Amino acid sequence: MQLIFEKSVPGQRGFLNSRSDVDVAVAFPAELARAEDCPLPELSELEVVRHYTNLSKYNFSIDTHFYPLGSCTMKYNPKFCEEIAQLPEFTQLHPLLPQLRHGDQFVQGALEVLYELEKWMCEMTGMDAITMQPLAGAHGELTGVMMMAAYHKARGNDKRYIIVPDSAHGTNPATARIAGYETIAIPSDANGVMDLEKLKECITDEVAGLMLTCPNTHGLFNSDIDKIAEMIHAVDGIMYYDGANLNAILGRCRPGDIGFDVMHINTHKTFTTPHGGGGPGAGPVGVTEKLTPYLPVSRVIQKEDGAYALKYDYPDTIGYIASFYGNFGILLRAYAYILLLGEEGLRAVSDHAVLNANYIKECLKGIYHLPFDRRCMHEVVFSAKNQAERGMHALDIAKFLIDQGFHPPTVYFPLTVKESIMIEPTETESKATIDAFIEAMMAADQLSRSAPEQAHQFPATTPVTRPDEVKAARDLNTSYFQKTA
Amino acid sequence: MIPYIANTEQEVEKMLARIGVASIDDLFADIRNRHRPKSFRFPAGLSEFEVISTLRAAASRNKSGLISFLGGGYYDHYVPAAVNAVISRGEFYTAYTPYQPEVAQGTLQALYEFQSSICALTGMEAANASLYDGGTALYEAAMMAVRINGRSKIVMDGGVSPIYRKILRTYTTNLNYEFAETPVTHGHSDRDEIIRQLDKDTAAIILQNPNFFGAMDDHADIVTRAHELGVLVIESVYPIALGLMKTPGEMGADIVTGEGQSLGLPLNFGGPYLGFMATRKKYIRKMPGRIVGETVDENGKRCFVNTLQAREQHIRREKATSNICTNVSLCALRALVFMSLMGKQGFKELSTLNFEKAEYTRQRLESIDGVEVKRSAPTFNEFTILLPLAADCVVERMIDKGFAAGFPLGRYYPGMEDYMIVAVTEKRTRREIDAYVTALETTLNELSKETAACS
Amino acid sequence: MEIEDHLLYTKEHEWVNIDGDEATVGISDYAQESLGDITFVELPAAGDDVEQFGELASVESVKAASDIFSPMSGQILEVNEDLNDDPGIINKSPYEKGWIVRLSLSDIEEKNNLMTAEEYERFLESTG
Numbered sequence: 082m083q084l085i086f087e088k089s090v091p092g093q094r095g096f097l098n099s100r101s102d103v104d105v106a107v108a109f110p111a112e113l114a115r116a117e118d119c120p121l122p123e124l125s126e127l128e129v130v131r132h133y134t135n136l137s138k139y140n141f142s143i144d145t146h147f148y149p150l151g152s153c154t155m156k157y158n159p160k161f162c163e164e165i166a167q168l169p170e171f172t173q174l175h176p177l178l179p180q181l182r183h184g185d186q187f188v189q190g191a192l193e194v195l196y197e198l199e200k201w202m203c204e205m206t207g208m209d210a211i212t213m214q215p216l217a218g219a220h221g222e223l224t225g226v227m228m229m230a231a232y233h234k235a236r237g238n239d240k241r242y243i244i245v246p247d248s249a250h251g252t253n254p255a256t257a258r259i260a261g262y263e264t265i266a267i268p269s270d271a272n273g274v275m276d277l278e279k280l281k282e283c284i285t286d287e288v289a290g291l292m293l294t295c296p297n298t299h300g301l302f303n304s305d306i307d308k309i310a311e312m313i314h315a316v317d318g319i320m321y322y323d324g325a326n327l328n329a330i331l332g333r334c335r336p337g338d339i340g341f342d343v344m345h346i347n348t349h350k351t352f353t354t355p356h357g358g359g360g361p362g363a364g365p366v367g368v369t370e371k372l373t374p375y376l377p378v379s380r381v382i383q384k385e386d387g388a389y390a391l392k393y394d395y396p397d398t399i400g401y402i403a404s405f406y407g408n409f410g411i412l413l414r415a416y417a418y419i420l421l422l423g424e425e426g427l428r429a430v431s432d433h434a435v436l437n438a439n440y441i442k443e444c445l446k447g448i449y450h451l452p453f454d455r456r457c458m459h460e461v462v463f464s465a466k467n468q469a470e471r472g473m474h475a476l477d478i479a480k481f482l483i484d485q486g487f488h489p490p491t492v493y494f495p496l497t498v499k500e501s502i503m504i505e506p507t508e509t510e511s512k513a514t515i516d517a518f519i520e521a522m523m524a525a526d527q528l529s530r531s532a533p534e535q536a537h538q539f540p541a542t543t544p545v546t547r548p549d550e551v552k553a554a555r556d557l558n559t560s561y562f563q564k565t566a
Numbered sequence: 532m533i534p535y536i537a538n539t540e541q542e543v544e545k546m547l548a549r550i551g552v553a554s555i556d557d558l559f560a561d562i563r564n565r566h567r568p569k570s571f572r573f574p575a576g577l578s579e580f581e582v583i584s585t586l587r588a589a590a591s592r593n594k595s596g597l598i599s600f601l602g603g604g605y606y607d608h609y610v611p612a613a614v615n616a617v618i619s620r621g622e623f624y625t626a627y628t629p630y631q632p633e634v635a636q637g638t639l640q641a642l643y644e645f646q647s648s649i650c651a652l653t654g655m656e657a658a659n660a661s662l663y664d665g666g667t668a669l670y671e672a673a674m675m676a677v678r679i680n681g682r683s684k685i686v687m688d689g690g691v692s693p694i695y696r697k698i699l700r701t702y703t704t705n706l707n708y709e710f711a712e713t714p715v716t717h718g719h720s721d722r723d724e725i726i727r728q729l730d731k732d733t734a735a736i737i738l739q740n741p742n743f744f745g746a747m748d749d750h751a752d753i754v755t756r757a758h759e760l761g762v763l764v765i766e767s768v769y770p771i772a773l774g775l776m777k778t779p780g781e782m783g784a785d786i787v788t789g790e791g792q793s794l795g796l797p798l799n800f801g802g803p804y805l806g807f808m809a810t811r812k813k814y815i816r817k818m819p820g821r822i823v824g825e826t827v828d829e830n831g832k833r834c835f836v837n838t839l840q841a842r843e844q845h846i847r848r849e850k851a852t853s854n855i856c857t858n859v860s861l862c863a864l865r866a867l868v869f870m871s872l873m874g875k876q877g878f879k880e881l882s883t884l885n886f887e888k889a890e891y892t893r894q895r896l897e898s899i900d901g902v903e904v905k906r907s908a909p910t911f912n913e914f915t916i917l918l919p920l921a922a923d924c925v926v927e928r929m930i931d932k933g934f935a936a937g938f939p940l941g942r943y944y945p946g947m948e949d950y951m952i953v954a955v956t957e958k959r960t961r962r963e964i965d966a967y968v969t970a971l972e973t974t975l976n977e978l979s980k981e982t983a984a985c986s
Numbered sequence: 004m005e006i007e008d009h010l011l012y013t014k015e016h017e018w019v020n021i022d023g024d025e026a027t028v029g030i031s032d033y034a035q036e037s038l039g040d041i042t043f044v045e046l047p048a049a050g051d052d053v054e055q056f057g058e059l060a061s062v063e064s065v066k067a068a069s070d071i072f073s074p075m076s077g078q079i080l081e082v083n084e085d086l087n088d089d090p091g092i093i094n095k096s097p098y099e100k101g102w103i104v105r106l107s108l109s110d111i112e113e114k115n116n117l118m119t120a121e122e123y124e125r126f127l128e129s130t131g
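Residue numbers (our numbering), protein chains in the order written: chain A, 82 to 566; chain B, 532 to 986; chain C, 4 to 131.
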C-alpha cells in the first residue's frame, strides 16, 4: 500500500485547531525558527482513517486469528479492561500532581489502585513488596539486577557473574551485561531443564545470582528448583525469577515460596495488556524482605489514617528507574483483571493454559519430534527436524500455517532446539480452534512427505510474500524522507 | 467458569482422556507438594458492572477537573477523536511484535511511517520504532554515545529535566562513567561552562530544548565545539515545539530523543508514554530498539520488515546494544495518527497556538504586582516565574480555586523555592487564562495577609 | 565447500595467508556459508593492535551476529573498505576479494597454533 506521505494532497487537512482567542504582539523569534514547515502529510480525516483502517487489515491479530506464539502468551484480553482504562479521572491525571505540596491527596484513587495491585501481586507471587515502576519486562529485569548489585555492594560481596540457562530469553544475558555483570550459560540436561552437575561446577563465591524462568522456555517445570536455590543461596547469591511464564503456575506455586528473592512480572502475559503490535507493557518487580531496602523510589504506602502516600525516603534505594510510578494505564488494566477473575478465575488461567498445551503436545507427538517427551506446562516445544530433512523447515511450516489462517508459533527459539516450533495456545482458545490448528500442523507434515518442493511457496494468501531481509539490511531505508533526500 | 475461557467440562474431559491423565491436577505433577503455595487467597470474581463501580469510586477520589497549567515535560493537549478510533482497531490493538512480516504489514508500515514522521519532526536521518518513554530514551542515548566513541565522561546541562537526570544517574551507578552537570541561572543554561566542560574524554553533551524552564536555544555553537573534540551532541526535545522551532538536525545534533506524550497520548498518571529516538544514518547500527526498514518481497513488491536485528538482545544476547525487547508500538501508532491528522499545516498551527497562548499568559502574569517572569531567552509554551512567597504554598492554594497553577521548582532546584514553571497549551482558553491570572493575584493577596499561611 | 590449500585456519573458521612478516585475514567458505548472506561487517581501524585469537571484527547476517577473531597477533595495516559498500563480497569470494584485514605480524611462531588446510578439513568433519 502507498505510504501516507505519498497520498498527501497539499491543502487537505485532517483536523481543525481552535481559532486563537488571544492576540499577542510577539512573533515566534525568527532566529529560532525551523527553515521549512514540518513535512507531515496533508490529508482529510477520512483519508487518514481509511489509510490506517486498510493498513490494519494487513495484520493478523488475536481478535481475528489464533496466535499460538510460544513464549509470548498471546491470550485474549477482556475488552472490559480496555474500557476501564479510559476513565477520564485516570487518563487526565497529571503525574506531577502528587509532587505538589500535600499533593498525595489529589491522587488518592490512583495511589489506591497501585497499593491494592501491589498487595494482590504479592499474594500471587509470595513476594514481600513490589515496585510498579518498570515500564516493560526487560526494564523490570534491569531493575531487579540493579537491586541485586546494591545488595551485594551493601554486604561487601565481590561478585562478578550471573548464571543463566542456555535456554534463557536473550534479555537475561543482555540485562546482566548492562548492569555490569558477566554471564555464565548452563546447558540443559536430557530432560530439558538446567543441568545440575554443570551448575555445581560453576558456583563460586563470585556468583552474584542466577536468572531463571520457571517453567523454562522449553515449557518445563524444574522440580529441583529448590535445590538450585539452596546452591545459589549458599554463596549468598540472589535467585532472580523471570516472570515470563508466571501465567503457567497461578495458584500452583509461588516464586517467593520456592527460594526466589526477586522477580519481574510481564503484565501482558499473566494479566491483561493490549499487545498493541508490541507494547506498551509493564514489568512490576517483586522482592522478598532481604531486597526491599533497595527498591526504587517512590513507593506507595498507606498511612495510619488510611490515606495513601508516595514515600521517597529510603536511604538504600537504588534511586529512580522511571520518570513516575510505572505505566499506570497498563497497571490499572491488571488490577481490573484481578477483580474480574477472582481466585477461581486466576487458578483457571493456568489450569487451562497447561491443559491446552498438553493436549496439543499429545496430538502432535509422533508427527513432530518432541525433544523433551514429558509433561509440559503452558507451552510445548517441538522440533521440525524430520520435516526439515524432507525439505520443509520450521520456517516453511510457519509460512504454511499462515495460509491456513493461523499465526505461526514461535520458530527458531529457544536456541537450544534445532528447527524449534514453540506453541503456546493460552487458556483463552477454544478446543475447536485448537483442533483446527492441530489439523493444519498435520497437513504441513503431510506436505513435507508428499510435495516438499512446495515448501517455499508459502504464504501465498497474504498481501506480500516472503520479504527480502538481506536487501532490507544491506540497502538500509528506514525513513521516507531519507530516501527522497 | 469465566467468559475468557472456552473449554466446557465435557471438552476438558475429552482433552484429559486424550492426554491420558485423570485430572488437570495431574498435569502439574512436576510441581511437588513442597513447592505448593503457602497462600493464594483472592476474593471471588466480580461482574463487569461490579468492577466498574469499584473503579469509578476509586477514580472519584482523584482530584479531577482542574484547569491545568502544569507541564514539566508532560502536557495537557487535545487528542483528536479519530486517533482513538483508529488505534482501537483490533488488528492493531491485539497484534504482537511483527515477527512474521507477511501477516504484520499493517504494524510494520505504520512503524516505518512513524520513523519517517519523527525524522520529519526532528530533521534527523533515521529514527527507531520507539522506546519506553522520554526519560529512558535519554539514558539509552547516553549509552549509545558511549558505544560510538568509547569515551566515558558525560556532560549534562542543568536545564535537562531533573527527573531524566536522576534516571541517568541510577542506571550508571555500577558502571564507570563520570558525570558533569552544568548550572542554570533563571532558567538559562551556562553555555560558557558547557563548552569549558567539553574535552577529548567526553562522550556526549546532553541538552534539552526547550529546557526544563521552557527556554529555547540555538545550540549550533555548542555543536561546533563538541564536534571539534569528537563529542556527540544529544538533544532531548519537546515535539510540539518543533512545529516552529529550529530542528536539532538543523543545529547539527547527533542523537535526538524526546517524550512523545504530547503527540496524542493521555497523561495517564505517568504512562504509558512514548520515547522516540533519531540519529544520523552513520550511527544507525549503534541505535537501540527496533528499526523497521523497507524492502521488497519475492515478487518485487514493496514491503517492510524489522531490520538490523543482529543488534538486538534476542540475537546478540550479552553483546546487544541494549536489553530492550519491546518498543511501545501502540503509543507510536497513536502519535503517528495524531501527526497525520494534524498534517503539515495543522501541526504548525498547533505549535503557534501553544506559543501564543503562553505569550499571552506571560504578559498577563507580568502585570501582577510581585510576580516576575524570569527569562533571558525566548520561551515556547512554558516559562518560569518568581513569586513573592513560597511557590508550593501558592500552588496548593490555587488547587482549591480549581487550578493546577504550575510546578514549583524548589523540589528539584534547591534555592528556587519561590519559583515555578507555568505551562500553557492550546487547550487553555483566554477566559481560563484570565481567570487563572485573577485567581493567582487573589491567592497572593490572601497569603500575604496570613502569617501562618504555609506551615 | 572449498578449503584453500595454502592457508592456515582457526577453530573459529578464520583463515590467514602469511607472506613474510605480513598476513591477510578472512573467514572460511564454511563460515560464510553458515552465516548466510552477510549484511554488515564491523571493521577495526588501521593501526589497531590485535592479539592472537582476540576480537578483530564482527559480521552480521539477517539472523545472526558473529565475532571474528584474529588468527595471529600484530598491527592492522589495512582494512578491506570494499566491505563497507558490499559486505556480500565475503559470500561471493571468501578467500580473495572478501579478505578482511592485512596485518603486520608480531610473532611468526604463532602460526604453530593454527591448523593446516588438511587439519581444518578433518576438524570440520569431526564437528559435523
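FYI, nobody ran anything at the bench for these hints, they're computed from the structure. On a predicted model such as this, the values are computed, not experimentally measured, just so you know. There may be inaccurate statements among the hints.
To give an idea of the interface, some chain B residues facing chain A are shown, with a C-beta separation under 7 angstroms as derived from the structure [unchecked claim]:
1) Val582
2) Ser584
3) Glu656
4) Gly783
Note that CB positions come from ideal geometry on N, CA and C, so glycine has one too.
Original post:
Going by Cβ atoms only, is B/Gly783 closer than 7 angstroms to chain A?
Top reply: violated, 13 angstroms
Original post:
Minimum Cβ distance from B/Val582 to chain A below 7 angstroms?
Top reply: Interface hint status for B/Val582: holds (5 angstroms vs cutoff 7 angstroms).
Original post:
Would the stated hint for B/Ser584 survive a check requiring a Cβ distance to chain A of less than 7 angstroms?
Top reply: Result: violated, 11 angstroms to nearest chain A Cβ.
Original post:
Holds or violated: is there a CB of chain A closer than 7 angstroms to the CB of B/Glu656?
Top reply: Since chain A brings a Cβ to about 5 angstroms from B/Glu656, closer than 7 angstroms, the hint holds.
Violated hints, in rising order: 2 and 4; the structure is consistent with all others.
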